[in-house]
Amino acid sequence: MKPALEFLIKDEKVYSGALSCRGCGWSLLVRHLASILGEDTVYVAPASCFSIISGPYPLQELKANLVHTVFAAAPATATGVRAALDRQGKKDTTVVILAGDGGTFDIGLQALSGAAARNENILYIVNNNGAYMNTGIQSSTATPYGAVTTTNPGAGFKRVWPKDLMGIIAAHNLPYAATASLAFLDDLRKKVEKAKHTQGFRLLMIDGPCPPGHKTDPAMSIHIGRLAVETRLFPLFEIERQHYTINYRPVKNIPVEECMKHQGRFKQLFQPENRHMIEEVQAHTDQYWLRLEMLEGM
Amino acid sequence: MLEIRGHARGGQGMVTAFEILAKIFSKLGNFQVQAFPAFGVERTGAPIQAFLRVAKKEILNRSNIYQPNLVVVFDESLLEQVPVFDGLRESGAVLINTERPVEAFAGLNRAAYTVPATRLSTDLGLGSKSLPIVNAAMIGALARIFEVSLEIVQQAIKENVPAKPEANMEAAAQALRSVSGPNGRNQYLIEALHAKPARATKKLEDLDFDIPAEITGLEAPSWSEPLSKNKTGNWRMITPTYDVRPAPCNSSCPAGTDVRGFVRLTSEKRFDEAYELINRFNPFPSICGRVCPNFCEQNCNRNELDRGLNIGAIERFLGDRAAAAAGEEPAEVRHEERVAIIGSGPAGLTAALRLCEKGYATTVFEALPYAGGMMRTGIPRFRLPDEVLGREIQRIEQRGVKIELNKKVSVESLAGRFEAIITATGSHIGSPLRIEGEEFARDGINFLREFKLDHDTDGLHKGQEVAIIGGGNTAIDVARTLLRLGAVPTIYYRRTIREMPAIPQEVKEALLEGVRIEFLSAPVALAPAGPAKVALTLIKMEMGEPDQSGRRRPIPVPGSEQIILVDRVIKAIGQRSDLFALGPQPVEPKQGYIELESGASVFCAGDMAWGGTVAEAIGSGNKVAEEVHAYLRGQPYHEEETLPEVVLPKDINYSYYLPMARHYNKLHHARSLAGDFSEVSKGMDEEEVVAETARCLHCGECFSCGNCYNFCPDAAIHVDEEGRLRIDYDYCKGCGICVQECPCSAMQFQLTEAVL
Amino acid sequence: MKKENSQNSITLEEPFLDSPRYPRHVQMVMKGNYAAAEAARLCRAGFIPAYPITPQTTIVERLSELVSEGKLDATYINMDSEHSVFAAAMGAAIGGERVFTATAGQGLFYAHEVLQAIAHFRLPMVVCNVGRPSIPWNIWSDQSDSLSQRDTGWIQFYGESSQEVLDTIIQAYMLTERVQIPVLVVLDAFYQSHTSENIWMPDQNLADRFLPPIQAGPMSIDMKQPKSFGGLLPPEYYNKMNYSFWKAMNQVEAIAEEIGIDFGAHFGRPYTNVEAVNIGPKTRLVLVTLSSITSTVRGVIRSYPEIGLLKLRLFKPFPREAVRRALAPLSQDAIIATVERNFLGDREGAIMQEMKRALYGLDYKMYDFFAGAGGKDVPPETIEKIIHRAFQHPEEANWVDVD
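Protein chains in written order, with this note's numbering: chain A, 1 to 298; chain B, 1001 to 1756; chain C, 2001 to 2403.
Please note that the accuracy of each hint is not assured.
[What the hints assert, rightly or not] Derived DEER-like restraints, expressed as beta-carbon distance ranges: (1) B:Ser1026 x A:Thr150: 21 to 29 Å; (2) C:Glu2395 x B:Arg1199: 32 to 40 Å; (3) C:Asn2078 x B:Gly1125: 58 to 66 Å; (4) C:Asn2078 x A:Val160: 30 to 38 Å; (5) B:Lys1057 x A:Thr150: 31 to 39 Å; (6) C:Arg2347 x B:Ala1038: 35 to 43 Å; (7) C:His2112 x B:Glu1205: 42 to 50 Å; (8) B:Ser1063 x C:Ala2254: 32 to 40 Å; (9) A:Gly154 x B:Glu1151: 26 to 34 Å; (10) B:Glu1151 x C:Tyr2243: 48 to 56 Å; (11) B:Glu1151 x A:Asp164: 53 to 61 Å; (12) B:Glu1205 x C:Asp2363: 28 to 36 Å; (13) B:Glu1080 x C:Arg2347: 57 to 65 Å; (14) C:Asp2222 x B:Lys1057: 39 to 47 Å.
[Said to hold, decoys possible] Quick partial rundown of chain C residues pointing at chain B, CB under 8 Å, derived from the structure: (15) Gln2225; (16) Lys2227; (17) Leu2233.
The set of hints was computed from the structure by calculation and includes no laboratory data. Positions of the beta carbon are idealized from the N, C-alpha and C atoms, including for glycine.
The shape of chain A in the complex, shown without the other chains:
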């Protein structure tokens, strides 16, 4: 094997020393994003773990401009940045939002929808780790069915389904939206590359590992991410305008519980009285996959 060919990051565009937890998806994601997007990029970050990870005064992780902004309005701030760059002739500079699921599914949804509907020339990255992790694991509308958080604690674990963000995004008729996983780096990098070179509003939703929040072993972050894709809990697909493409079809039919069992946040579902909820997750997952396949066939 020619080793050098396998090294996905040729030129590191982040500085080491990120203030992320062990096994964090955020810092790995940003390493890869930055390496593809390069220095001719302005990042806009609403409140999220990344606000902290990226470094306190006077330090910064990225070798590019990073604008921190209010929780609810990153797409608006990015709109302003984009407009300014365009006015200065910097049309090729990429404006990228780095947001969590709280800043996307919940408090930021209006601004996201606004910018998407305006088809702003912005790349929106949502690291979906399924809860408000920065504030200590509180439920968001991205929190999976059956998960425990500090605001859905113990027996009060979450019993409503998360929002279908990709469905909401698809409804905006955007040039490009896709899901990606850190366990499938080639696919992820291809999508970032594609998104980089697409004009208009693009959104990538990444399945974000979070060992403290998901109550997982940090070493298992990638392994669990891979299982999420293999079990179809987190399908990899692209939406271009109204066209769906499934990017990865698991060869085996691995049940969702194979992925869930590694995550302490789902522990309670494995008790006999709650097992039926795993079946519900399975049914929901199968249904979603079926729908994707139908959409793809349209």
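Position chains B and C relative to chain A; hints supplied.
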């Protein structure tokens, strides 16, 4: 007022511990308490602080503690990373979670207490290696310093710790008993606890602070210093390292060949180096590449994914390629001692070569007119052409090994002329069937030898039917030889194809060529029938329960006997050794030094000691050479110590390997086999060989796939000047993703020094 | 007499009709909101995020027209909320653009979070607020919205007329880009926003000569020297940022005064942070006002030589020195009465709070008058009621016209 400052890592439970302590103090003596963390933004594993104030009166200070009476260190590794003892009062005390004795902290000139809280906690399943949760143990240890009763502590833990209360209570109990340090309660701390606040003792005019002339402001909240100034390596509790573990191909090679190594070199087209690497273990790559059962391939972890690597073909390619190159230089004789080797098979020649390379004059005595032992006499030309064998023996001779042919010698006959003698005469005598009429069966190994050396066809002619008894390589080789002589061979084997000891590829080829094999069929008796025929009585077998060897035992089916008439019966059910060389006394041959009554320095190797394949004989030869060398140099000899754990399928992350079709040897299939003894297998060409090496999983050895680099969330892996992947421990937080995602188990986790 | 007075107050006098005083100006009749939009055009605002809200809407509508007609080279974007408007303004300001927008009432309340961020990011921009309350629904004139945002760190000007709004916006860009603190220019709903009145419109060259193009500051994106803008600022640094902000804010009063004089030199209309009318040793009562009420008071006090007026144009930072200077000629027993078109849920209105702060240590009789909030009209008669009450056993705070 008592002021305690704690130092821990995020996630170890210190903040909870201080809160529980506050509750204990509050309950105990109606103390006023104040417990709080110094909230940073650091995450799990990062150094953090917590504070606890306890006083009889209202606590009128809500700031951090800068001059504690007691410092509590929850994690020993912090001692080197954080100034934990800053401001500690002169008569103050420290409590440290460590395995080290109290004396190690004598330099502090403070009352020091230690407790092995990490061990106690992890033994009880509290937290993980990467993050031991030591709070309950530390509470127990503090209770001991203040002489708080265990009952109260355990009650508080029970009320306040939701997860694993029993284990936490036990941790506190064990810690309380495991504290080393001054006996009894710490009087200074108790006094601090009860001390009354000073009143009206200060004078305003004594206040004296520097007032800065100018304040440096911050014009705007924008900044750009590199984050790499933040060394997150000190969050790490477990340290990943690159490691080399034995691959199953290597560990299963009886010759000890570094298979993984030569496959890698071949993949890089460094063929000369690959050949040299094989040669260090095995001087017969061209031969083994043809006739070895390939234990390496059988144990290849790729079998879990699709098929093992065609290692034999790679080895054969390298051996054949080297044949075209210049010969070997003779090795220099550096020792006076001479060594004799009886038998020129793979074991004898390997031993001779190794000793020759070590500087001994070595002479090999061969009874037959040709060197090579079983390689010469037992393997048909269509599997191993003479010139291939001759070539590899020649290279050994070029190194300086003398081979004396037609010399049937024994240990006695050589006595006095050599300082050491190795017997490696193989096993060339067929095993008996132990049935009635045994004498009417010809011995297979004998047949092969006679045919190869003397072209003795035993009077067989075209169309004659031959029954062959057995299921090993000899049976197959006999059958295929007979086919080429025009006879009609049928093999009778008492088990099924699954149990056949012959090399599967050879069985496959034999079947393709037209050899019939009757399974579950065992001979019962032989008798002459007419002038030239033999009557063979066979009985049907069925597979019973597995025997001690794990193979299912064949059981005769009563009444299923049947008699067939054949022209010849050849038995090939195993071989035994001729022990002539060891002298007249009965000796049990075994690997290495053999104790003889004569006291002669005699060693034994090869098939007569163990094994039965070329590769095993080579391994045996390598070993005996080491032993003889040690013996002659007066050094102790011991076999290599047990190796680290071999990489097994469970250690391989198959997600990173795609199925890839195995490359197969090209086969020569003549239209008519009669009289055609040309080699059947043509091996593989360079392109195929290199392509096949790309299928290697690189078990247990880094092949720079880049997973560790690609998946490191902390950008803590880099390539050093020598092109190797290395971990930058300034930034590695020890998440372990690199170890988990290493496809081939070439990384491992080690506890950091501090935790050890 | 009252009728006469009110007639006086709408009599147009100089400087509005004195054309030779304003060369390179065109005289027009224009609504306050349009004057604000034209000011943004004159200042060559580059980025305008917009969201409609009564009574501000005509500002963004007019700007939209100006952009689509090619009269203003700006990026105009219809945003999804005021929160997003201000967040976008923030982004473009960091991007180095001159930003303008306008809002009102609950729009400003909604943007509160972002106002705070923009100010502490030290971003230059000018925003117009047309004052109105929020809920229960009321769309009429009220200054509680902007006054409640006093502590977000923005500079605040209150304009008396369409002309003053236009002129103040031009000065505000000069100021904001010099001190790197955002400026809110406030006008009254309807009494200004929708009131057509005479205005002198300077030509573009004149404006360009006064206001140079925006320069990059410490909070501007520079693609060659990438930075982190506004990430985590730990405790040991936070007050350093506040300190610098404080120092800059302390200079605003003097710099604004200087810009007002410079503006006069360029355009012929000098401005001061406060304006004192008829304040002297014989003045028995000074009415303190913001925005449109000022004009009415001007009219009323013509009839009462013992009554003076203190108009506050700069409100935040509160022009303490100018106020003290303006009131210095007063006699010991003079009364100061503040006219509040706001209610902030406190014992006093915002003007009184600030006046007391500014006059700390001085012994004035000070009475607060709540009048005109929620769009309640403040005719000259109301001003006279205030004057009357100020001399007739006034309370610390008094409510006028609520019976």
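Is it true that Ser1026 (chain B) and Thr150 (chain A) lie within 21 to 29 Å of each other by Cβ?
-> The hinted range 21 to 29 Å holds for Ser1026 (chain B) and Thr150 (chain A), with Cβ atoms some 26 Å apart.
Is 58 to 66 Å right for how far apart the beta carbons of Asn2078 (chain C) and Gly1125 (chain B) are?
-> holds, 59 Å
Check the following: the C-beta atoms of Asp2222 (chain C) and Lys1057 (chain B) are separated by a distance inside 39 to 47 Å.
-> Distance hint for Asp2222 (chain C), Lys1057 (chain B) is violated at roughly 57 Å.
Measuring from beta carbon to beta carbon, are Glu2395 (chain C) and Arg1199 (chain B) in 32 to 40 Å?
-> Roughly 46 Å apart at Cβ, these two residues miss the hinted range, so it is violated.
Chain B contact restraint on Gln2225 (chain C) - CB to CB distance below 8 Å = Since chain B brings a Cβ to about 7 Å from Gln2225 (chain C), closer than 8 Å, the hint holds.
Holds or violated: 26 to 34 Å for the Cβ distance of Gly154 (chain A) and Glu1151 (chain B)?
-> This hint holds: roughly 28 Å between Cβ atoms.
Is 32 to 40 Å a correct range for the gap between the Cβ atoms of Ser1063 (chain B) and Ala2254 (chain C)?
-> holds, 38 Å
Please test the hint of 53 to 61 Å on the beta carbon pair from Glu1151 (chain B) and Asp164 (chain A).
-> holds, 54 Å
Assessment of proposed distance window 35 to 43 Å (beta carbons of Arg2347 (chain C), Ala1038 (chain B)) = Holds: the Cβ-Cβ distance is about 40 Å, inside 35 to 43 Å.
Starting from the range 57 to 65 Å, see whether the pair Glu1080 (chain B) and Arg2347 (chain C) falls in it by beta-carbon distance.
-> holds, 59 Å
Hint check: 8 Å Cβ-Cβ cutoff, Leu2233 (chain C) to chain B | This interface hint holds because 6 Å falls under the 8 Å limit.
Should the hint that Lys1057 (chain B) and Thr150 (chain A) are 31 to 39 Å apart at their CB atoms be regarded as holding?
-> holds, 36 Å
Hint violations for this structure: numbers 2, 14, all remaining hints satisfied.
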